[in-house]
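Trainee: One letter stands for each residue in the lines below.
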Amino acid sequence: MTAMLTANNGTRLAVLGLALLALVTLPLWMPGIYYVNVGSQILFYAVFALGLNVLVGYAGLVSLGHAGLFGISAYATGYMLQLGAGHSVAIVVALIVGVASMAVFALLSLRSSGIGFIMITLALGEILWGLAYRWISLTGGDNGISVRGRPAPFGYSLTDPVHFYYAALAVFIVAVVMVAIFVRSPFGASLMGTRDQPRRMNALGYHVWMIRFYACLFSGLLTAVSGILFVYYTNFISPQTLALTSSAEVLLMVISGGPGTLLGPIVGAALVVVIKTVVSGFIERWNFLLGAIFVAIVILVPEGIVPGTVRLWQLITRKRVSAPAANAEAASSEAAP
Amino acid sequence: MSALTVTGLNKSFGGLHVTRGVNLDIQPGERRLIIGPNGAGKTTLFNLITGELTPDTGTIELFGQDISKVPSRDRAHRGMARTYQIITLFGKDTIIHNVRLALLGLSPTRWNPWTDLRRHGRFTEQGHKALARVGLSHIADRPLGQTSYGERRRVEIAMALAQEPKVLLLDEPFAGLSIDERRDVHKCLMAIPRDVTIVMIEHNMDVALEFAERITLLHFGEVIVEGNRAEVVNDPRTREVYLGH
Amino acid sequence: MNFWLVLTVNSVTFGGLLFLLASGFSLIFGLMRIPNLTHGSLFMLGAYVGGSAVVGLLGFKLNFWLAAVLATLTVAALGALVERFLLRQLPGDQLAQVLVTLGISFMAADFCLMVWGGDPMSVATPDGLGGFARVGTAVFPLYRLAIIAIAIVVAIALWLLLDRTRLGAMIRAGVDDPDMARVVGIRVSQLFTIVFALGAGLAAFAGIIGGPILSVYPGLDQDMLPLALLVVIIGGAGSLLGSFVGSILVGFIYNFGQALLPELAYFVLFLPMLLVLLLRPQGLFGRHMP
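Protein chains in written order, with the working numbering: chain A, 1 to 337; chain B, 338 to 582; chain C, 583 to 872.
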């Protein structure tokens with residue numbers, strides 16, 4: 001048993017190392033800048049999806065207003081730069097605005113969980129969209145806000161797409177490590193407890209509301225970070241980024257990949273960005289496809305692609321392993337539901 | 338000083354009075370049994386005592402301290418633990434993780450977001466001790482999904498015991514168990530030391546009567562009879578409630 | 583003086599339209615416990631189908647009212663299909679059902695864009711209602727008054743349906759407690775289909791009736807859905823009276839907000855929702871939290 005576990009850990013580390021190597025060397029083997037840019041997009045959308053997954057996957061709270069939070073951080077960055085602030089000031093302000101907005105979202109929507117939470121976050125997201133669209137003196141309305149230039153941390157200018165890719169990669173790795181530590185921590189266990197049995201958790205002495213509130217703040221932080229990366233990537237922010245479609249896109253990343261898993265949102269982000277990029281190159285029917293994938297995933301692969309694949313993989317490998325040695329063990333564990 | 342005192346507790350849902358002027362006075366170390374037919378308001382009484390429901394009127398005192406306004410979660414920190422009649426466990430996790438959550442609930446560590454829970458070995462150790470008390474430590478790492486109903490009942494009790502409560506509320510701990518399982522649960526309840534006060538709701542009179550020193554009979558939300566075993570069993574009102582004459 | 587009067591009539595008109603949209607949304611929510619996120623799409627689809635029939639795009643030209651009936655029935659049938667063949671696949675899983683309605687709403691939006699293109703379609707006011715009514719010095723467009731009348735008639739009809747018929751009693755029982763209704767022997771599943779179709783039909787009807795004043799354009803669905811959501815959060819899920827009061831209230835705030843504070847209209851619109859959430863989370867006339 002122990003030997004198997006360590007072997008598993010060994011494979012895991014090897015896969016992780018390979019993945020990291022692939023990501024770090026990506027600009028070297030990708031055929032062009034276009035693809036490096038797609039890579040950058042996947043990275044910051046993955047951070048966004050990781051942030052939403054803290055709520056959807058680990059807290060069991062489905063938000064349909066996260067594009068509003070993503071967008072408000074992007075707007076805050078753009079607005080501060082427009083006012084003449086430096087990049088670091090703009091980024092700090094955007095982080096504060098993003099997390100504070102999430103706090104307001106949480107105060108209002110954590111009055112209920114389940115469907116009520118979806119409805120209220122949806123409505124709040126629409127408010128932010130409406131404000132971005134109508135409050136023209138602040139947001140420029142439909143014209144949006146253009147951002148000139150990208151920061152150059154330690155003299156490393158991010159204007160170069162490859163440099164930007166590495167910056168996004170660094171942020172992405174930090175985000176993944178943060179979430180990985182978070183879900184294994186006592187607080188992560190508490191949060192998942194409130195997802196599965198909130199009433200019991202309360203009786204056991206946990207402050208369910210507060211646990212959810214802190215989880216919201218963490219989610220808001222990652223969302224704000226990704227919003228800032230987004231606005232520097234596109235150099236532009238408009239109300240479209242805050243629309244319900246965008247909230248649905250990121251939710252699709254989480255749900256398609258596998259909510260409540262670390263890898264799921266990352267795979268989901270890659271999938272959605274790649275499909276969207278490929279499809280919009282040929283036809284304009286992205287929204288139709290987005291909707292269709294949504295319906296198909298929910299009905300056919302409700303657990304998400306990553307857990308689905310893992311199950312399939314286990315089924316295959318177990319058959320191979322079980323043949324000579326572990327017959328009895330496999331039989332006993334398969335008998336259980 | 339009493340362990341648990343309930344005074345003039347009232348609760349109604351809409352027009353339905355579920356609890357009417359209930360008074361209870363339970364001494365430290367006592368084993369109190371609460372009986373009554375279905376719909377007598379026994380579980381509601383537990384929910385009021387633990388704070389999962391708010392009473393319309395009345396007070397609840399724990400060791401002389403008024404806890405009526407104390408939120409449910411904080412009552413756990415003050416030494417109150419309960420089990421549920423309908424098993425309420427974390428079905429995706431292992432047995433030991435269920436007990437670990439019970440332990441973590443009372444520890445400030447539960448707010449810690451940056452260290453690995455598995456590195457906090459004391460939760461696992463203490464969890465194993467609690468499981469040993471109900472005879473389950475040998476299957477501690479088994480996922481809850483692969484356990485029997487009787488084992489889950491014992492996990493419920495282990496979680497409550499793990500919190501080392503001063504007052505333990507057991508809501509039908511024998512419900513749905515086979516005779517063998519009942520005997521196992523009975524044995525682990527008998528082994529609980531006397532510094533724990535136990536209040537138990539039970540339908541199953543033969544097992545429960547043997548266990549309790551004092552019995553309270555609840556009917557339509559009211560305390561009808563209270564006394565020791567013989568007093569309650571021989572009281573004509575008990576027969577009236579249970580046998581209908 | 584006249585400005586305020588016109589604004590008031592516009593508010594009531596818009597409130598009436600919203601009621602047609604939101605009453606079905608609220609019933610579906612009350613019964614099935616899900617916000618039907620296709621509701622905006624159904625509104626838009628009703629407007630496009632009816633509008634095409636009026637303009638004559640579908641090869642034949644219909645009288646406005648016949649077109650309205652056609653749109654209502656078409657979309658109601660579509661609603662029944664969605665409930666039967668998609669939502670039914672996910673019994674009891676409300677989260678999945680909400681996500682399916684979300685997915686369908688995107689497909690519907692893109693479908694409309696594909697069929698009807700990106701240019702707005704204007705729908706002519708029905709014959710005989712293009713004029714104005716004169717009361718003293720004030721002038722009211724006849725069609726707006728007609729919408730108010732229609733909304734009131736539909737409200738009364740819905741009330742009679744819910745309060746006086748066996749079907750209505752079953753719906754009320756289901757809204758109060760779906761488990762109880764199932765125990766009493768009501769075929770809840772069939773009820774779901776009927777209510778979903780009814781709600782879809784009402785939304786489509788609202789869409790075509792609103793066509794002459796709102797016109798039909800891509801994004802209409804996204805404009806209407808939040809308003810329906812707002813009405814239900816304010817009024818309370820499953821309550822007809824709640825939908826009515828909520829719709830009128832939102833109608834007023836929307837129109838007055840746009841006239842007086844155009845930049846912040848959207849924010850002002852959601853203020854009552856925030857108040858309701860903080861003070862009475864189940865909604866003004868709702869019985870339980872969503």
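Careful, some of the hints might be misleading.
[To be verified] Here are the computed distance ranges between Cβ atoms for each label pair:
hint, chain 1, residue 1, chain 2, residue 2, range
1, A, A103, C, F667, 37 to 45 Å
2, A, W313, C, D675, 40 to 48 Å
3, A, L28, B, A469, 41 to 49 Å
4, A, N143, C, R670, 42 to 50 Å
5, C, P673, A, G10, 51 to 59 Å
6, A, L107, C, F667, 36 to 44 Å
Keep in mind that the hints were calculated from the coordinates and are not lab data.
We put the CB at the ideal spot given by N, CA and C, even for glycine.
Trainee: Now look at each hint and say whether the structure bears it out.
Mentor: Here is what the structure says about each hint:
1. Distance hint check: the CB atoms of A:A103 and C:F667 are about 41 Å apart, consistent with the given range 37 to 45 Å.
2. In this structure the hint that A:W313 and C:D675 lie 40 to 48 Å apart at CB is violated, the actual value being about 26 Å.
3. For A:L28 and B:A469, the Cβ-Cβ distance of about 57 Å falls outside the hinted range of 41 to 49 Å, so the restraint is violated.
4. Distance hint check for A:N143 and C:R670: the Cβ-Cβ separation is about 45 Å, which falls inside the suggested range of 42 to 50 Å.
5. The given range of 51 to 59 Å is broken by C:P673 and A:G10, whose C-beta atoms sit roughly 43 Å from each other.
6. Checking the proposed 36 to 44 Å range against A:L107 and C:F667 shows it holds: the Cβ atoms sit about 39 Å from each other.
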